[in-house]
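A.B. asks: Residues per chain, in single letters:
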Amino acid sequence: MSIEPLAPPKKPKRLPVLPQRGKLSMFEIALFVACLVLIAVELSQNLRDVMVLTFLFAGLGLAWNIAGGYAGLISFGHAAFFGIGAYTSTILFVSAGLTPWIGLWCGGVLAAAAGALLALICARLRGPFFILSTLAAAEVVRIGALNWSSLTGGPEGLSILPVANVANMVFVSKTAYAVLMLAYVVFVYAITKALEGSRYGYYLFAVRDDEEAASAAGVNPLLVRTAAMGLSAFLTGIGGSLFAQYFLYLDPTFVISPELSFQFALLPAVGGLGTAIGPVLGSFLITPLSELLRSYLGNAAAGLHLVIYSAGLIVVMLYFPGGLAAALNRLGRGWKRKP
Amino acid sequence: MLEVKDLNAFYGPVQVLHGVNLSVAASEIVALVGANAAGKSTLMFTLAGLRTTHTGSILLDGEPIGDFPAYERVPRGLVLVPERRRLFPFMNVIENLEIGAYSAAARPVARDTLDEVFQLLPVLAERRKQVAGSLSGGEQQMLAIGRALMAKPRVLLLDEPTEGLAPIYVKLLFDLIVNLRRSGLTVLIVEQNVHHVLRTADRAYVLENGRIVLQGQGESLLKDERLKVAYLGL
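For the record, the sequence lines run as chains A and B. Take my numbering: the final residue in the first sequence is number 342, and no numbers are missing along the way. Take my numbering: the final residue in the second sequence is number 243, and no numbers are missing along the way.
It is worth saying that the hints were derived from the structure and are not from the lab. Ideal Cβ positions, reconstructed from N, Cα and C, are used throughout, including at glycine. It is possible that part of the hints are untrue.
Partial pick of chain B residues on the chain A-facing surface, computed with a CB cut under 10 Å [said to hold, decoys possible]:
{"hint": "1", "residue": "70"}
{"hint": "2", "residue": "71"}
{"hint": "3", "residue": "73"}
With a Cα cut of at most 30 Å, we get these calculated DSS-like pairs of lysine-lysine [unchecked claim]:
{"hint": "4", "chain 1": "B", "residue 1": "232", "chain 2": "B", "residue 2": "180"}
{"hint": "5", "chain 1": "A", "residue 1": "26", "chain 2": "B", "residue 2": "138"}
{"hint": "6", "chain 1": "A", "residue 1": "196", "chain 2": "B", "residue 2": "232"}
{"hint": "7", "chain 1": "A", "residue 1": "16", "chain 2": "A", "residue 2": "26"}
{"hint": "8", "chain 1": "A", "residue 1": "16", "chain 2": "B", "residue 2": "138"}
{"hint": "9", "chain 1": "A", "residue 1": "196", "chain 2": "A", "residue 2": "177"}
{"hint": "10", "chain 1": "B", "residue 1": "180", "chain 2": "B", "residue 2": "237"}
Isolated chain A (complex conformation) (with noise of 0.2 Å):
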């Protein structure tokens, strides 16, 4: 939505090569015709469960990359956004029989205003002093779910029966389950993209690069902080329960964790903050890697698998700065410039 009122000169229309923002480029189609690809062709029950999870975290960085990379709200707390979807949806369905196909967008709704809240509190805070109040709301939510066993089954953690059903989003193959998480992707791909070419996100990045300026400018940044919080909570309120139908199982330390925080923010970290291929392409690296480590290795020596994990995080931050976007840019200039 641009308010420029003169027509600019017709060019013959060509999608770009490589990602742009806010414009939709040959590199994306590629990109998602390969995942389709991926999904149509035969792989071991091993290698599906590492595509289904690389999908899923791709749409929960993409989600996170919302506020962290686009509105500049580094939140470590997006876990507990990620359990309320998660707990709502199941609980809608294990209690009351509503099909999670509506429960998620009630999860989502109920992690938005959580995410909404946090940010009306703690998006006062800069710096470090905002990533530790997300990281200590986190714990608190957590914690209460950990205590209210009557309604989250506390510590012993919540089923869901595993019967195969389309209603019941509970499905024997995994194939449809990797289907179902490329949807969320591309759902959440193209909000993304979406923002990014609206006003909406150039108050964003406003806010982000120079609040002072985007506040003299008339941009209330609270409000625009609020909103991306919001939005960023309801798409990772509804991964949440797109993965409680995926594992069938929920169980606060795990779902609220810290470590799971993490992994949101690492996603698009190593992929490129603010970018909307960044988080996917952090995914399709960190998650397959950290999962088929886990898988070769994990019974070979305790830990070595982490190791070699972190090492190759460590390589990738110090040698692509700017995270994997960037790299793939600087790539596509090197290449334009032969002849």
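Could you slot chain B onto chain A? The hints should help.
C.D. replies: Chain B only, in chain A's frame:
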């Protein structure tokens, strides 16, 4: 139109402005001059509702606005063009202008305002898709003013708009200010370029160590020996 009474402004515990009184009438160009660190920018920030805490009153058309945050002063028509322009360098010209039209009042008419801004500042129309960081200093200043105009201001606060500009842009800028006044805008301007600004302004205030020490008609102030004293601290 804009009235400031007994204004004291603070950065934390440090008091920068001491009992400042000033008023700007509708469609007037008022200059604020003074040596470095006299408190000119602090006054501008305080008027815009940024950074400082203050005591005393700020009235816009008789309405006390001193307790409002910046984003509630902008829709009332008081808009600051900050020192050093403060654009969003990675966004293009149109996107920077979009941000200026945030308020509920400015948004519905943004398209028309944009036409006006482009007419007033044709260089922006030429560069509409260029990222702000790649514009020249003069173009950036025009963009900063354009961004403020998108908010439909009635009183424009300009903080050192000619800083670091080529002489041709300095002239262009003062022409623009006179033009804006002709269209009904009220302007309060902070300037280091004393000779130029005092010739353009209707009235001026001289600020020294956070206090107003001198005021008067623009041109006549130029001849006043006390102006030199305020500047050079003699």
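A.B. asks: Starting from residue 26 of chain A, check that the Cα of residue 138 of chain B is at most 30 Å away, please.
C.D. replies: With a Cα-Cα distance of about 14 Å, the restraint between residue 26 of chain A and residue 138 of chain B holds, given a limit of 30 Å.
A.B. asks: Going straight from one Cα to the other, do residue 196 of chain A and residue 177 of chain A come out at no more than 30 Å?
C.D. replies: holds (28 Å)
A.B. asks: Regarding the hint that residue 73 of chain B lies at the interface with chain A, is the smallest CB-CB distance below 10 Å?
C.D. replies: violated (19 Å)
A.B. asks: Hey, residue 196 of chain A versus residue 232 of chain B, does the alpha-carbon distance stay inside 30 Å?
C.D. replies: violated (59 Å)
A.B. asks: Against the 30 Å threshold, does the CA-CA distance of residue 180 of chain B and residue 237 of chain B hold or violate the hint?
C.D. replies: Satisfied, since the Cα-Cα distance of roughly 24 Å is no more than 30 Å.
A.B. asks: Minimum Cβ distance from residue 71 of chain B to chain A below 10 Å?
C.D. replies: violated (22 Å)
A.B. asks: Return the status of the interface hint for residue 70 of chain B: holds when the least beta-carbon distance to chain A is below 10 Å, violated otherwise.
C.D. replies: Nearest chain A Cβ about 18 Å off; hint violated.
A.B. asks: Given the hinted pair residue 232 of chain B and residue 180 of chain B, is their alpha-carbon gap at most 30 Å?
C.D. replies: Holds, because 22 Å separates the two Cα atoms, which is no more than 30 Å.
A.B. asks: Assess, step by step, whether the Cα of residue 16 of chain A is no farther than 30 Å from the Cα of residue 138 of chain B, and give holds or violated.
C.D. replies: Measuring from Cα to Cα gives roughly 17 Å; hence the hint holds.
A.B. asks: Within 30 Å, alpha carbon to alpha carbon, are residue 16 of chain A and residue 26 of chain A?
C.D. replies: Cα-Cα ~12 Å, so holds.
In this structure, the hints that do not hold are numbers 1, 2, 3, 6, in rising order.
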